[in-house]
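Could you put together the complete structure from these sequences and hints?
From first to last, the protein sequence lines stand for chains A and B.
Anchor point for the first sequence: position 26 equals 26 in this note's numbering, and the numbering is continuous, going up by one each time.
Anchor point for the second sequence: position 105 equals 207 in this note's numbering, and the numbering is continuous, going up by one each time.
No lab work stands behind these hints, which were simulated from the structure alone.
Fair warning: this is a prediction, and the values are worked out from it, not measured in the lab.
Keep in mind that a hint or two might mislead.
[Claimed, not checked] Below 25 Å or equal to it, Euclidean Cα-Cα: the simulated SDA-like pairs (lysine to any residue) are:
{"hint": "1", "chain 1": "B", "residue 1": "Lys234", "chain 2": "A", "residue 2": "Pro36"}
{"hint": "2", "chain 1": "A", "residue 1": "Lys83", "chain 2": "B", "residue 2": "Gly214"}
{"hint": "3", "chain 1": "B", "residue 1": "Lys291", "chain 2": "A", "residue 2": "Leu81"}
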Amino acid sequence: MSFNATGLTIFGVILAMALVTLATRWGGVFAMSFVPLSPRVQRFIHAMSGSVLIALLAPLAVAGDTAARLALLTTAGVMLLLKKPLLAITCGVIAAALFRYF
Amino acid sequence: MSVVGSELYRLDRLLVWQGFKQLAPIGMFVAAFGAAFGLAATQAGLADYTTLTMSMMVFTGTAQFAVLDLWGPELPLFSILLTVFAINSRHLLMGATLYPWLRHLPPAKRYGVMLVVSDANWAMAMQSFNRKQPGLGIILGGGIALWIYWLLGTLIGVYLGNIISNPKAFGIDMVMGCFILALVLDSKKSLNTYIIWAVAASTSLLAYWYLPENSHIMVGAIAGGIAGTLISEKAMAGEDNDEL
Numbered sequence: 001m002s003f004n005a006t007g008l009t010i011f012g013v014i015l016a017m018a019l020v021t022l023a024t025r026w027g028g029v030f031a032m033s034f035v036p037l038s039p040r041v042q043r044f045i046h047a048m049s050g051s052v053l054i055a056l057l058a059p060l061a062v063a064g065d066t067a068a069r070l071a072l073l074t075t076a077g078v079m080l081l082l083k084k085p086l087l088a089i090t091c092g093v094i095a096a097a098l099f100r101y102f
Numbered sequence: 103m104s105v106v107g108s109e110l111y112r113l114d115r116l117l118v119w120q121g122f123k124q125l126a127p128i129g130m131f132v133a134a135f136g137a138a139f140g141l142a143a144t145q146a147g148l149a150d151y152t153t154l155t156m157s158m159m160v161f162t163g164t165a166q167f168a169v170l171d172l173w174g175p176e177l178p179l180f181s182i183l184l185t186v187f188a189i190n191s192r193h194l195l196m197g198a199t200l201y202p203w204l205r206h207l208p209p210a211k212r213y214g215v216m217l218v219v220s221d222a223n224w225a226m227a228m229q230s231f232n233r234k235q236p237g238l239g240i241i242l243g244g245g246i247a248l249w250i251y252w253l254l255g256t257l258i259g260v261y262l263g264n265i266i267s268n269p270k271a272f273g274i275d276m277v278m279g280c281f282i283l284a285l286v287l288d289s290k291k292s293l294n295t296y297i298i299w300a301v302a303a304s305t306s307l308l309a310y311w312y313l314p315e316n317s318h319i320m321v322g323a324i325a326g327g328i329a330g331t332l333i334s335e336k337a338m339a340g341e342d343n344d345e346l
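Rendered as structure tokens:
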């Protein structure tokens with residue numbers, strides 16, 4: 001299904017994108033309102049919350065380019081040494097930028 | 103069984119304001135990312151107001167970038183929506199993880215807070231809950247901060263142009279990865295945590311290599327969740343039998 005990009009269809013596509021995104025933002029909460037929050041479910045949710053982050057990071061660290069890996073390594077180093085998140089992020093980004101520059 | 107957090111679901115104006123301020127510094131990076139999007143969108147041929155409308159209404163960095171590849175004189179609606187859904191499906195997980203606290207709120211507030219959930223404010227809110235501090239103000243206030251910066255960034259990208267012609271050259275594509283890594287390293291960890299993370303990491307990698315694009319977050323998160331359930335059951339065997 002394709003549409004010619006006119007003013008109206010463009011707005012329609014953006015609106016549809018917004019609705020799909022909203023459905024993902026609301027869907028998890030809505031679905032959970034039908035699930036009893038047993039201790040087991042709570043443990044699942046707790047373990048899942050950390051896993052989302054790891055699942056996001058792992059491919060970046062393993063399959064990313066050298067700059068990506070260098071950025072993560074720098075962030076980890078600064079974080080472990082100084083425990084300053086914002087500084088660690090900045091250093092990571094700068095490391096990637098420098099690597100790509102040279 | 104205990105209710106998660108006694109008063110951690112609190113949400114008042116002060117908490118929202120605190121959340122706003124807490125996410126404001128990271129918002130600077132989001133603005134840079136937004137500027138990169140504004141520029142990429144302009145180069146992909148989107149009209150200025152189209153780009154701005156999209157950032158305002160959709161508010162989702164990676165998916166908006168991905169859609170640019172599909173944008174042209176013909177708009178393939180189904181491919182666009184599928185891409186948006188696949189990349190944003192992680193919001194479903196975020197909503198589920200926030201439910202133990204959100205359920206205490208009336209529906210209007212509950213879904214109102216979720217309007218602005220995204221990676222950074224969600225991760226920070228979860229960290230706050232883990233420290234037994236209220237987190238929903240971070241979602242709402244922080245989300246509003248991120249939304250404003252995202253929009254401002256897009257605006258800058260669209261109008262001021264060539265500052266950031268190639269976001270990768272400035273490492274801006276790594277902001278979210280570094281942010282999440284910093285939060286992960288800052289969190290409390292036990293042996294169980296490492297086992298769960300190992301499961302999540304390996305399954306997400308397998309999904310990344312062998313399953314359809316953008317499925318790795320979903321797969322890794324659910325596998326990690328299942329691992330967490332199994333481990334705790336082993337650890338607690340004979341202790342509590344208050345399962346459903």
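Status of each hint after checking the structure:
Using a Cα cut-off of 25 Å, the hinted pair lysine 234 of chain B and proline 36 of chain A holds, with the two alpha carbons roughly 22 Å apart. For the given pair, lysine 83 of chain A sits about 33 Å from glycine 214 of chain B by alpha-carbon distance, which is inconsistent with the 25 Å threshold. Our distance criterion of 25 Å between C-alpha atoms is met by lysine 291 of chain B and leucine 81 of chain A, whose separation comes to about 17 Å.
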